[in-house]
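Trainee: One letter stands for each residue in the lines below.
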Amino acid sequence: MYSAKVMDHFTNPRNVGEIPDADGVGTEGNPTCGDVMQIFIKVKDDRLEDIKFKTFGCGAAIAVSSMITEMAKGKTLDEALTITKESVANELEGLPPQKMHCSNLGADALKKAIEDYRSKKK
Amino acid sequence: MRKCYFDHVATNPLDNRVFDAMEPYFMENFGNPLSLYDLGTKAKEAIENARAQVAALINSKPSEIIFTASGAEANNFALRGIALARQNEGKHVIVTKMEHHSVLNSARFLEKMGFVVTFLPVDKYGIVNPDTVKKSITKETTLISVTYASSEVGTIEPIKEIGKIAKERGIILHTDAVAAAGNIPVDVKDLGVDLLSLAAHQFYGPKGAAALHVREGMRIVPLIYGGIQESGRRAGTENVPAIVGMGQAAELAKSEMTGRIGQAKKLRDKLIQGASGIENVYLTGVPPMADKPENRLPAHASFTVEFIEGEAMLLLLAAKGIYAASGSACSSKALKASPVLLSMGVPSNLAQGSIVFTLGKDNTEEDMDYLLSEFPQVIKRLREMSPYAKGWGTKGEGGECTVRK
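For the record, the sequence lines run as chains A and B. Just so you know, this note's numbering puts the end of the first sequence at 122, numbered straight through with nothing missing. Just so you know, this note's numbering puts the end of the second sequence at 405, numbered straight through with nothing missing.
Since the hints were made in silico from the structure, they are not lab data. Predicted model only: the values in this text are computed from it and were never measured.
Under the rule of at most 27 Å between Cα atoms (straight-line distance), these lysine-lysine pairs were calculated in the BS3-like manner:
#	chain 1	residue 1	chain 2	residue 2
1	A	K111	B	K390
2	A	K112	B	K390
3	B	K336	A	K85
4	A	K112	A	K52
5	B	K207	B	K44
6	A	K5	B	K3
7	A	K5	B	K380
Construct the entire structure; sequences and hints are all you get.
Mentor: Now the structure itself:
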């Protein structure tokens, strides 16, 4: 059902955890639908110095979270905002069609985390 | 790596002895049972022998058994066939919220055809109250269909009591016994049911063979039209090897049932005890009771694990060689949480953590020890990743647990 890449990120997820003094936090999803993703970011010189996640959800949801943290780490905020659901799915060598929307919440959670950081900075 | 198959409600492995019985009917005795020469007669005799074996399993008569290709077909046939045959007497059908999709979707088809369908609620254990059945009956009611046992939560329904009510009112009663027949004693006469569905692959027979018991003298509209097979009630050249396999599997199930039940219960109770000791893990369905007649399937243990999701649990368990099932939204292609759990009042976020283990005759004490050592680790690992590890709350900051012990 899942690509080898999805299984790799699901079974060995990267960047799991919380950042206690995070500069921004973004949460997307709803436990009654099945998936909730929480992304914590640490920003330095407009770059994502650190990024961690916590996810309640299926294999795809966890793999998406892990992948997007890898993709975003080290990028400038504007670069990170160009990451889309599609680019995460492509990096994971595809997601099953029924998982494409409900479990692919990483890009939205990241966007919210960056918005959170920017709104606090103002 | 150890392989532990705990998903016997999905399907069972084929028993060697069943395979041996089937084998001659693939190539050697390949005849069409309708053919008049010896090859045909041999095939015809084989399916009639299987019919007697299947009838014996549920205390039915061979003439009351109609072979079908699946349990789903048997359920479709029962609902549509009886509702249509009796539509001049009334157009109301009663089913429950515990039913398999093959019953629910047949009922929805009948609704589209102009029938009125009542979907009965259940209590927190998934049990249908016979009084609720009684109160739902109208002058128009012609058919009641209640599952014998739920494959999702293992709950056994009070069919015998519902049978009495149906009989008093002259209503036909069908039970979907796919999860029960061959696993626990099922007796159509004692239950007072008119129709009963069963499937071979739920008791170590092959896939592609199932049956509908239809009480003698009842009219039923066919689902498949064609030739005179199955007394004209189910057309199509018979799947002879599969039917032979179903017969053999039924005979073995009947003779070995007591032993299989005893072994399953022992392992099931060990699992329920072990898993219930893990924090925020809850049994779904009826707790086993040692000294009472049980209304839980002997090989069935189902749980909800709070703060994590079922599909992720399944995949991590599978990576350890442990095979189980889940009713979570993510593990279903429809992406909807189990309607059975929701109808039992399980909150939808908790239903996401559904996990179902169904044991079989080849599972051992060592398999159970292995599961009980791996399962808590899988739960721990996923909870470490979950934002809700400390409780639901609005941001996972540690609100109330959904269920408190």
